[in-house]
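**Q** Required output: the full structure, derived from the provided sequences and hints.
Protein chains: 2
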Amino acid sequence: MGSSYQSKITMRIWRCLQPFVVASSIFLGLCGAEDSGMENIVTEKKAEESHRQDSADLLIFILLLTLTILTIWLFKHRRFRFLHETGLAMIYGLLVGVVLRYGIHVPSGMGNVTLSCNVNASPATLLVNVSGKFYEYTLKGEIGASEINDIKDNEMLRKVTFDPEVFFNILLPPIIFHAGYSLKRRHFFRNLGSIIAFAFVGTVVSCVIIGSLMYGCVTLMKKIGQMDGDFFFTDCLFFGAIVSATDPVTVLAIFNELNVDNDLYALLFGESVLNDAVAVVLSSSIVAYQPRGDNSHTFEAMAMLKSFGVFLGVFSGSFALGVATGVVTALVTKFTKLRDLPLLETALFFLMSWSTFLLAEACGFTGVVAVLFCGMTQAHYTFNNLSPESQDRTKQLFELLNFLAENFIFSYMGLTLFTFQNHVFNPIFILAAFLAVFLGRAANIYPLSFLLNLGRRHKITSNFQHMMMFAGLRGAMTFALSIRDTATYARQMMFSTTLLVVFFTVWFCGGGTTQMLSFQKIRVGVDTDVSVQIGPDGVERRSTKQESVWLFRIWYNFDHNYLKPFLTHSGPPLTATLPACCGPLARCLTSPHAYENEEQLKDDDSDLILNDGDITMTYGDITVSTDASGAHTSGTQVGVNSDDALDRELTFGDHELVIRGTRLVLPMDDSEPPLSLDSHRQRHKNETMS
Amino acid sequence: MGSSYQSKITMRIWRCLQPFVVASSIFLGLCGAEDSGMENIVTEKKAEESHRQDSADLLIFILLLTLTILTIWLFKHRRFRFLHETGLAMIYGLLVGVVLRYGIHVPSGMGNVTLSCNVNASPATLLVNVSGKFYEYTLKGEIGASEINDIKDNEMLRKVTFDPEVFFNILLPPIIFHAGYSLKRRHFFRNLGSIIAFAFVGTVVSCVIIGSLMYGCVTLMKKIGQMDGDFFFTDCLFFGAIVSATDPVTVLAIFNELNVDNDLYALLFGESVLNDAVAVVLSSSIVAYQPRGDNSHTFEAMAMLKSFGVFLGVFSGSFALGVATGVVTALVTKFTKLRDLPLLETALFFLMSWSTFLLAEACGFTGVVAVLFCGMTQAHYTFNNLSPESQDRTKQLFELLNFLAENFIFSYMGLTLFTFQNHVFNPIFILAAFLAVFLGRAANIYPLSFLLNLGRRHKITSNFQHMMMFAGLRGAMTFALSIRDTATYARQMMFSTTLLVVFFTVWFCGGGTTQMLSFQKIRVGVDTDVSVQIGPDGVERRSTKQESVWLFRIWYNFDHNYLKPFLTHSGPPLTATLPACCGPLARCLTSPHAYENEEQLKDDDSDLILNDGDITMTYGDITVSTDASGAHTSGTQVGVNSDDALDRELTFGDHELVIRGTRLVLPMDDSEPPLSLDSHRQRHKNETMS
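Going down the list, the sequences are from chains D and U. In terms of the numbering used here, the first sequence opens at residue 1 and continues consecutively. In terms of the numbering used here, the second sequence opens at residue 1 and continues consecutively.
No lab work stands behind these hints: they were computed from the structure. Heads up, a few of these hints could be off.
What the hints assert, rightly or not - Below, simulated SDA-like cross-link-like pairs (lysine to any residue); rule was C-alpha separation at most 25 Å, straight line:
| # | chain 1 | residue 1 | chain 2 | residue 2 |
| --- | --- | --- | --- | --- |
| 1 | D | K337 | D | K395 |
| 2 | D | K337 | U | T66 |
| 3 | D | K395 | U | K395 |
| 4 | D | K337 | U | L63 |
| 5 | D | K337 | D | V323 |
| 6 | U | K337 | D | Y92 |
| 7 | D | K334 | U | L67 |
| 8 | D | K337 | U | L67 |
| 9 | U | K334 | D | K334 |
| 10 | D | K521 | D | P573 |
**A** Written out as structure tokens, the structure is:
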């Protein structure tokens with residue numbers, strides 16, 4: 001599926017194949033008309049050959065991934081922590097890249113006829129009139145005088161070079177969606193304020209800092225004549241934007257393995273998920289910054305405002321679309337009995353989530369951002385309507401897609417370091433970039449943490465700050481953004497530099513996580529369910545209650561009383577929450593399940609709210625019964641031996657955490673939320689087993 | 001993923017997009033050089049526009065599928081049986097096709113500059129020299145004098161027309177693999193001989209019959225001047241080959257719903273799975289039939305032999321490759337501890353299965369066939385090594401892929417009836433084709449059944465024969481084969497005709513299945529586990545034993561004693577089965593699990609063989625213990641209350657049956673082989689629920 005996008009994949013591969021494929025098809029067409037069988041065979045052979053070549057090229061990547069998987073297993077098996085699978089994928093990619101670049105030379109057997117024809121323009125389409133027959137030619141690209149000679153090798157390299165769009169249209173969406181879909185954790189919501197601050201303010205800050213630093217460097221380079229092309233301030237800002245998207249997947253995996261403090265995890269994970277979205281929109285709005293007149297890259301208030309408007313418009317638009325499709329899915333799954341047919345349910349879920357992306361792109365918004373928020377909505381509402389089986393199926397499906405896409409991107413990164421045609425490595429620029437990235441991250445973390453600490457009950461301690469500073473890895477999103485457009489000199493320079501930044505951060509910071517943790521004396525092995533062992537004593541409950549910020553609680557009251565009941569089978573019946581006047585409406589909107597108490601437990605954070613006294617009053621009876629039944633029905637959860645619903649939420653949250661992070665660490669059982677304690681035991685068991 | 005193939009998807013879509021996309025990219029390149037920002041913006045806008053258009057087009061298909069899913073649910077809900085989801089998808093496709101064809105007219109806004117240039121040949125690549133700059137142009141295709149004017153609308157239609165290769169390289173593989181992966185049923189093996197006969201002999205027979213009938217018709221038409229193009233005997237044979245691939249998915253679904261006799265199900269399903277493979281290779285080898293000299297389509301012994309050799313070579317080659325990768329996967333999953341990490345396991349399984357396809361294509365064999373046998377091998381060996389979770393994951397993953405691909409193809413079929421550019425509807429040819437298809441099917445079923453009945457203990461009764469005759473639907477494979485090459489007049493005529501054949505069979509035969517069943521007085525509601533209720537009385541066992549044909553038993557002895565232990569954790573330890581001389585080898589190859597008895601039950605048909613006295617002697621002790629432990633460990637299976645292993649195999653078989661077929665009928669629980677009895681109850685429950 002994904003056809004029309006996939007049609008763009010390997011645009012360059014395609015470009016080299018096209019002569020043969022198209023030629024063959026056109027020749028077939030001719031032969032059909034006048035049945036000159038021999039030509040027919042010849043061109044069919046050509047097409048076949050290119051098709052085989054094609055399959056072989058793809059095989060390279062598949063085998064790369066397979067190799068990676070096996071090695072990862074070995075690492076997990078031996079418990080090497082210094083190298084994450086993404087880093088590994090990069091290394092393998094590098095090796096293959098070297099081989100392709102220097103090892104293989106294509107025999108110039110498949111030479112395509114070339115003849116020159118003088119015209120006075122270069123239109124997109126050219127009609128060639130050969131003895132009365134019209135042939136349609138399409139513009140393939142400009143050829144540097146140099147390339148004209150050694151096309152053969154380039155062909156080989158271009159073959160394994162993908163169209164940048166594939167990353168945005170095929171590989172990123174599942175990754176981002178999965179991030180959103182697995183982002184349902186109490187600690188995330190508890191730190192919502194800080195996370196938003198880091199993601200929005202922080203990203204913008206680091207973007208501006210990096211941008212201006214690079215601009216200084218660039219102007220300097222121009223002075224000393226180190227810059228052979230244009231490099232405008234907008235380019236610098238663009239660089240700042242794309243480099244500000246963090247992706248600490250490596251670090252998070254280790255955090256999970258070692259059970260590092262949950263707030264730290266939530267801060268890092270939440271920030272990385274949201275700032276991806278911010279970075280995408282930011283970069284696109286920077287590109288949209290076009291002063292009027294001949295574009296002398298001067299500052300212009302109007303254009304500035306315009307691109308700010310673009311930022312807001314695109315972001316909110318994508319957000320709205322994502323949420324909208326999520327809501328639609330929720331309603332469909334609520335009001336149909338699709339849950340009887342898990343396969344249909346899963347398929348529908350998949351298609352709806354995918355259509356979000358297409359819809360957003362079709363409307364000119366950012367599909368990736370839309371998908372992120374769609375994922376969150378699906379997790380928050382639709383997930384509760386799905387049949388248990390579909391819950392597993394969807395989780396596992398997107399987990400798999402995420403895994404494959406992620407490793408594919410990283411192995412491709414390694415590959416492209418050697419196979420990419422127009423690298424521009426400029427030592428000064430690169431050094432400056434590393435410095436700027438470092439400072440930008442610092443300017444993001446430390447000041448914000450200071451400000452946030454003024455308001456936070458749980459301060460972000462200095463060692464946490466250092467850890468967040470250290471965990472500012474750059475990954476898939478940065479790469480995808482930088483490879484998206486490598487036409488100009490500036491962009492090529494950015495791309496090459498970004499590549500190095502990613503390599504460095506993933507290998508060095510990723511690999512050094514454990515050392516950094518011990519160096520910063522951040523306690524590991526935190527039992528995430530400690531509060532549960534404490535049990536539901538007044539203190540515990542009060543503290544939890546006070547931790548949840550007012551914004552968070554207001555939202556939850558609204559969500560729990562109106563949205564949840566409206567969109568899912570869970571929550572209190574609308575008849576209880578809505579004013580009497582809309583009684584009939586409420587009755588027809590509330591699902592029969594909502595009246596049955598055990599259904600309430602299908603929902604995992606509706607109960608969260610039950611701790612807030614003010615709400616509890618409104619339907620205390622339900623609360624009681626919930627907790628009562630909660631004790632025996634949610635048997636698989638940790639919350640079983642405690643009727644403090646927050647703990648159940650906590651449990652579920654950590655369940656999600658386990659799923660997202662340790663998916664490579666321990667044999668997880670998605671069919672039921674694993675006891676974290678259990679998972680500990682399991683891990684130990686494996687360690688002893690292996 | 002699937003990049004390089006996907007790059008070919010929507011070749012035609014791509015063709016129309018290319019001018020804009022490529023133009024933009026090239027212009028960007030220019031602007032990079034000389035920074036003419038305005039052009040830059042303009043072309044970027046163009047690219048953006050086409051990208052949006054692109055997303056919108058894809059959205060059409062997604063929404064089509066979503067709509068189909070919802071309607072299917074409604075049908076299942078109301079238990080309409082006369083229309084299967086595939087038929088439904090076709091109808092929706094038809095509607096959209098009509099709209100696209102007659103409703104929408106593209107505003108000719110996105111006009112691409114076109115200028116003519118006279119050269120004396122039409123090379124694949126054209127170098128255009130514009131004021132010193134070289135631009136590379138690629139041959140896009142010939143343009144009919146007519147098309148030159150009304151390109152616009154064609155563009156719109158071509159946009160939603162896929163490259164035929166996409167069906168072979170993206171959509172068919174998961175369907176075929178899933179068929180193979182879910183083809184593990186006792187009744188299949190019991191009827192192996194008959195199935196192979198129907199699939200191989202039958203397909204060839206019907207191919208030849210249809211081919212010669214059509215040739216008669218064609219020559220007649222030439223006489224009366226109804227044929228405006230060439231149509232050779234090879235074309236007729238080709239038509240016979242592609243139309244001989246049956247795909248009774250509709251019928252089988254209903255069979256499941258109604259629990260029709262298992263042997264009948266096995267015969268139909270097995271035949272349809274295998275004759276797909278046969279038809280593919282057959283058609284390709286017919287294409288390969290090329291008499292030497294100027295190809296006057298005369299008969300020539302050498303060429304005949306050659307294409308027969310091609311048939312054997314390609315088929316056996318694909319078979320070998322498929323089995324090989326399956327075996328490799330089995331060994332990897334056996335000798336690594338990947339099962340600790342289900343995600344990795346699933347990913348590996350997926351990648352390996354996919355690489356089969358690529359490998360086969362790269363070697364010049366038929367990927368689809370390879371994938372089929374790979375799926376069978378995976379199901380037979382690898383499946384036993386997978387962790388329970390991965391077993392579910394892989395099953396569900398391929399089930400989903402199969403479902404999506406299948407419905408996508410069928411909805412596309414409906415669409416293409418109106419959007420395809422070069423339909424050639426010839427009433428005489430179409431009538432003849434329907435007649436030929438009917439006769440061909442008859443010449444396949446009846447004589448073969450007669451011959452087979454001479455050898456079969458369970459005769460294929462006449463009403464079964466009529467039912468098989470009736471169930472000769474044509475589906476995805478026929479469509480994919482016929483759309484693959486529509487260059488010549490003959491091929492276009494075939495395509496249009498095939499389309500009608502598919503529509504008719506799917507709607508009429510598919511819809512009339514229930515009526516046909518009652519008309520043929522074929523008993524439905526057969527409890528597949530009746531033999532189990534009878535329990536393990538001597539009679540029962542003896543009968544089962546004698547039913548299994550000698551070939552089947554020889555194979556099973558070998559498989560159980562050597563292959564299973566070598567490739568999986570199950571079966572008896574090799575040390576017990578191999579001659580003493582290879583003791584050490586046997587020891588290191590046998591997995592420790594093999595010595596533990598509970599492991600044996602992971603395997604589902606190893607026990608089957610234990611009924612054959614001659615085998616049991618060789619390691620009677622193990623047998624005993626197996627059955628003993630079988631009683632308490634295989635608790636989820638029906639076989640639990642019976643130590644007749646054949647019943648366990650039976651159960652498993654029907655489990656597979658349930659999974660493959662009723663996936664749309666009842667809420668199935670893949671996490672454990674459902675009791676068929678249970679599934680009955682469940683179904684009833686749903687009926688009452690809904």
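**Q** Taking the hints in turn, state whether each one holds.
**A** We went through each hint and held it up to the structure:
1. D:K337 <-> D:K395: holds (20 Å)
2. D:K337 <-> U:T66: holds (15 Å)
3. D:K395 <-> U:K395: Holds, at roughly 15 Å.
4. D:K337 <-> U:L63: This hinted pair holds, its Cα atoms lying about 19 Å apart.
5. D:K337 <-> D:V323: holds (22 Å)
6. U:K337 <-> D:Y92: Holds - the C-alpha atoms of D:Y92 and U:K337 are around 22 Å apart, at most 25 Å.
7. D:K334 <-> U:L67: Given pair D:K334, U:L67 holds - Cα atoms ~16 Å apart, limit 25 Å.
8. D:K337 <-> U:L67: Between D:K337 and U:L67 the Cα gap is close to 15 Å, so the pair holds against 25 Å.
9. U:K334 <-> D:K334: violated (43 Å)
10. D:K521 <-> D:P573: Answer violated: D:K521 to D:P573 is near 48 Å, above 25 Å.
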